[in-house]
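Assemble the whole structure, with the sequences as input and the hints as a guide.
To convert, take the position in the sequence shown, counting from 1, and add 880; that gives the working numbering.
Simulated from the structure, these hints should not be mistaken for lab results.
Some clues are possibly wrong.
As the list claims (entries may be wrong) - Calculated lysine to aspartate or glutamate pairs in the DMTMM-like style (CA-CA distance at most 20 Å, straight line): (1) Lys910 with Glu1006; (2) Lys908 with Glu984; (3) Lys938 with Asp953; (4) Lys993 with Asp924; (5) Lys1002 with Glu956; (6) Lys997 with Glu982; (7) Lys910 with Asp925; (8) Lys899 with Glu916; (9) Lys931 with Asp912; (10) Lys969 with Asp953; (11) Lys931 with Glu952; (12) Lys938 with Asp977; (13) Lys993 with Glu943; (14) Lys927 with Glu984; (15) Lys927 with Glu913; (16) Lys927 with Asp953; (17) Lys908 with Glu956; (18) Lys931 with Glu956; (19) Lys1002 with Asp966.
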Amino acid sequence: MALLLRVLILVVIIYIFYKGVRYLIDPKRKLDEAYENGQYYFYDDVKNVRKNFFISYKGALFEGEKYLGATEDAFEVISIFVFVHDTMKLQGLTKSDFLYLEKEIKMSYPNAKISWKNPIEKLMKEESSEL
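Set out below in structure tokens:
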């Protein structure tokens, strides 16, 4: 009986340790923490095209919808539509911030054309026409 109790306690300790480690390395938790602290964090499952990615940046939470298409060599993500969850959080962000976000997205999806939802789209188009 004592041996069974020891094994049961050991199993419970291992389970709690496992759950604790899973919690600490969970990318969704890291995204939530970065969003609360106004930090940058890119949360994405590159292997799953159906899952949207999320970016926390300077207190704003962006979501990107990925669309698969054919390139010269393979099927890859060719189009990304990015929008912000709360437009009020855009206050203080500049064109250079959005160019930085585009650069970060291009690191994971080099063949993708990035489109922004209003009001970011308007800001980016004004930026393009000034060049």
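Status of each hint after checking the structure:
Distance hint between Lys910 and Glu1006 is unfulfilled; the C-alpha atoms sit about 34 Å from each other, more than 20 Å. Among the hinted pairs, Lys908 with Glu984 is consistent with the structure: their alpha-carbon atoms are about 18 Å apart, no more than 20 Å. For a cut-off of 20 Å, the pair hint linking Lys938 to Asp953 is broken: about 37 Å separates their Cα positions. Using a Cα cut-off of 20 Å, the hinted pair Lys993 and Asp924 holds, with the two alpha carbons roughly 17 Å apart.
Pair hint Lys1002 plus Glu956 does not hold up; C-alpha atoms about 27 Å apart against a cutoff of 20 Å. Proximity of Lys997 to Glu982 is assessed by CA-CA distance (about 13 Å); at most 20 Å being required, the pair is judged to hold. Annotation: proposed proximity of Lys910 to Asp925 holds, straight-line Cα distance about 14 Å (limit 20 Å). The suggested pairing of Lys899 with Glu916 is violated, with an alpha-carbon distance near 23 Å, which exceeds 20 Å.
A distance of roughly 17 Å separates the Cα atoms of Lys931 and Asp912; the hinted pair therefore holds under the 20 Å criterion. Distance check on the hinted pair: Lys969 and Asp953 sit about 39 Å apart at the alpha-carbon level, beyond 20 Å; violated. At roughly 24 Å between alpha-carbon atoms, Lys931 and Glu952 are farther apart than 20 Å, so this suggested pair is violated. The suggested pairing of Lys938 with Asp977 holds, with an alpha-carbon distance near 9 Å, which does not exceed 20 Å.
This hinted pair checks out: Lys993 and Glu943 have alpha carbons roughly 15 Å apart, not beyond 20 Å. Distance hint between Lys927 and Glu984 is fulfilled; the C-alpha atoms sit about 17 Å from each other, no more than 20 Å. Of the pairs offered as hints, the one joining Lys927 and Glu913 is violated, with about 24 Å between alpha carbons and a cut-off of 20 Å exceeded. The hinted pair formed by Lys927 and Asp953 meets the criterion: a straight-line CA distance of about 18 Å does not exceed 20 Å.
A hinted pair counts as satisfied when its Cα atoms are at most 20 Å apart, and Lys908 with Glu956 does not qualify at roughly 24 Å. A hinted pair counts as satisfied when its Cα atoms are at most 20 Å apart, and Lys931 with Glu956 qualifies at roughly 14 Å. Distance hint between Lys1002 and Asp966 is fulfilled; the C-alpha atoms sit about 16 Å from each other, no more than 20 Å.
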